[in-house]
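Asker: With chain A's structure known, arrange chain B on it following the hints.
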Amino acid sequence: MNGPTFLGTPAFPSAARTALADTRLRHNLAHATTTIRRKREEAVAEVDDWEALREAGRAVKERTLRHLDRYLLQLEERVTAAGGRVHWARDGQEAARIVVDLVQATGEREVVKVKSMTTQEIGLNEALADAGITAYETDLAELVVQLGQDRPSHILVPAIHRNRAEIREIFLRAMGEHGRAAPADLSDDPQELAEAARRHLREKFLRAKVGVSGANFLVAETGTAVVVESEGNGRMCLTLPETLISVVGIEKVVPTWQDLEIFLQLLPRSSTGERMNPYTSSWTGTTADDGPGAFHLVLLDGGRTDTLADPVGRQALNCIRCSACLNVCPVYERVGGHAYGSVYPGPIGAVLTPQLRGTAAESDRSLPYASTLCGACYEVCPVKINIPEVLVHLRARVVDEGRTRKVPSPERLAMAAARSVLAGPSRLAAAQRAAAAAGRLLGRDGRISRLPGPASAWTEARDVPVPARESFRAWWRRTHR
Amino acid sequence: MRIALFVTCLTDTLYPETGRAVVKLLERLGCAVEFPAGQTCCGQMHFNTGYRRECVPLVRRFAETFAGYDAVVTPSGSCAAMVREYHERVAEAAGDARLAAAVRATPAVYELSEFLVDVLGVTDVGAYFPHRVTFHPTCHSQRMLGVGDRPLRLLRAVRGIDLVELPAADQCCGFGGTFALKNHDTSVAMGADKARHVLATGAEVLCAGDNSCLMHIGGLLSRLRTGVRTLHLAEILAAAEEDRAPAAAEEDRAPAATEEDQAPAAPSRSRPVPHSGKSPQSPRTAERSTP
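Protein chains in written order, with full-length UniProt numbering: chain A, 1 to 481; chain B, 1 to 291.
Treat the hints loosely; a few may be bogus.
[To be verified] Below, simulated SDA-like cross-link-like pairs (lysine to any residue); rule was C-alpha separation at most 25 Å, straight line: (1) K384/A / E229/A; (2) K39/A / A52/A; (3) K182/B / S449/A; (4) K39/A / Y279/A; (5) K182/B / R357/A; (6) K39/A / G148/B; (7) K182/B / L413/A; (8) K182/B / L20/A; (9) K182/B / A457/A; (10) K406/A / A11/A.
[Claimed, not checked] Which residues of chain A face chain B? A partial, calculated answer using Cβ under 10 Å: (11) S366; (12) A423; (13) G424; (14) L428; (15) R447; (16) A457; (17) V466; (18) W475.
In case anyone wonders, no lab produced these hints; they're calculated from the structure.
All of these numbers come straight from a predicted model, not from anything done at the bench.
Beta carbons are placed, not taken as given, at the ideal position from N, Cα and C, and that holds for glycine.
With the rest of the complex left out, here is chain A (with noise of 0.2 Å):
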């Protein structure tokens, strides 16, 4: 019951396009980030050293990261202690064949899953699906994208782009294909919904044998694995099967429980706006004759050694996965999440991708491009990642790796005459001479409908003004000397 993957998703301009145009997302999304956003603010303005918090959050991430060598082997020596197993995975298709081994081991042929953006990045149910293991999605919006063989487009809510009618639809067509079918009088009211889902997936918790997770937060001094959810049903994957086995990636790690403290505090506030989010399950290897009797925690790498090796893209690791900045995005309100062909959409995807996969693909080269720079990402990130000034750095990356291109793209030839232009004041006066002639030639009334070549991009949907005749500093020449 595996929906479409990422793979072979367009540029983020076309991508964009694609989805500009789908009314009913825009208004979807439109009317969710609205609302989130809101709940968000108020939430965050009842915290008076917010502030404070956020630089606490952000200067244990970034210790955490200069000695993560240091508390990733602490960690394994405490979980191992504690009875778990430690596996560690260079990259997505080692965790992936890690945990299809691990699963295979049981004799099982399905899974639970416990919300998780890790197992979305290493294509996990894909995956397991390839080695005939069946992987359920138990979180309520991701069992939505599951049911409705979709992609996720939201860090926190997979589903943001669908709204209850086509909730209602998805779970009438596709639930009796995978187990306990929707009341045939289902109706698009929200408990109604809830109630549908959780029958369906009752039968799947109460059945499972073996659960996987992901982990929000790994405690090294005591090797603790945390999940931070709203629903209850990742604690029922946490604890009703034999096996569990988390995914998480090695960023996740943090010193202490007092560190872990600062950020149950700015996590739900973050993303979901609320001061505490209803379920927060850690767990510490094995315990006799309670939860799961064998647990697996698998290391990924997948990217972030090599992230964590760029002195200003680094702080990308930072990220809790609170998803505040796609919520105030501009441009992720219009888009959705889709078009930045990732698991992680928005601003920090656009900042995540392109170091965690590298910039060989376009659609993958287009994403540090996706964003007009606003700033509104950084200024709710409760991590405080400069998300503008990384999406800079990406850039800067991105026509780097271009310049070793014999031929220059059009951009890097009108860069440069730009740079020629600019170079001197008599060049650009002349610059400013020639524009004000040709803009009388193609302007009316003061104004330019229809600009020739790369620039009809603007004039599409904008008019220009004509250039004025005389510059400022041809007038000041005139008047001030």
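Answerer: Here is chain B on its own, set in the frame of chain A:
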């Protein structure tokens, strides 16, 4: 105090009336302002698009041109932010220690509203502008410079103005430099929402502290023939009651009538609504106020 005007390449070329308004305003407030002729561009377009190498000579030119002044005033929040936040970093990334030192020695660069409120200590600049106006606080002015309510305090003190609040004012207009071309569909979608909010205010004039954002929103408002025009903050603050005398209006119209192609002479900004001609930013009126 030696004050230099950094007019910005965009305002220099497309919106010279904004530069003239800054000069007129500062002179009216008793400042002698100079225009160092060597200036071109702060390098923001190159820097923000990833062309750092091309940005280095522009940073050098800026530092050389403005060395020795006590303060630099610019009618652009985003250009001020570029100089303040990134010039030193461009020099350092280029491994040019001398340039980095020169950048550090550059005088303080102020966005116009900062200069008026913080340096000159004025909010009432003696302006008169009897129109309904709404104000868009641009992203870099707000989030990088932190100009806060300085522009609004200046506008509230303008006599005759009917200043109305812009809904969702803090949302980006969608310009974003080369974003407006590279992602033009998204840029226009964002601009359409901004324009919708502007229209909802019933304002005649959309004001901002950055001509780049105004070029984008104004371009949409003009294309749709909405009857809303855009004006830079400087032009409203420079407007004075004596500019509205009938004689001044006659002078305003004169140059246009003599042009062979009928293009309006001074106000290059498109005017969807036939205007009274008593524009505060005409070159004649600005000139008259210069000593």
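Asker: Next, verify each hint and record whether it holds.
Answerer: The hints, checked one at a time:
1. K384/A / E229/A: holds, 22 Å
2. K39/A / A52/A: Between K39/A and A52/A the Cα gap is close to 21 Å, so the pair holds against 25 Å.
3. K182/B / S449/A: holds, 19 Å
4. K39/A / Y279/A: Holds - the C-alpha atoms of Y279/A and K39/A are around 19 Å apart, at most 25 Å.
5. K182/B / R357/A: Holds, at roughly 22 Å.
6. K39/A / G148/B: holds, 23 Å
7. K182/B / L413/A: Answer holds: K182/B to L413/A is near 15 Å, not above 25 Å.
8. K182/B / L20/A: Holds - the C-alpha atoms of L20/A and K182/B are around 15 Å apart, at most 25 Å.
9. K182/B / A457/A: holds, 8 Å
10. K406/A / A11/A: Given pair K406/A, A11/A holds - Cα atoms ~22 Å apart, limit 25 Å.
11. S366: The hint holds - S366/A has a Cβ within 10 Å of chain B, the shortest such distance being about 8 Å.
12. A423: holds, 6 Å
13. G424: holds, 7 Å
14. L428: Holds, about 5 Å.
15. R447: Given a least distance of 4 Å, the restraint on R447/A holds.
16. A457: holds, 4 Å
17. V466: holds, 6 Å
18. W475: With Cβ-Cβ at 6 Å, under 10 Å, it holds.
Comparing the model with each numbered hint stated earlier shows that all of them hold.
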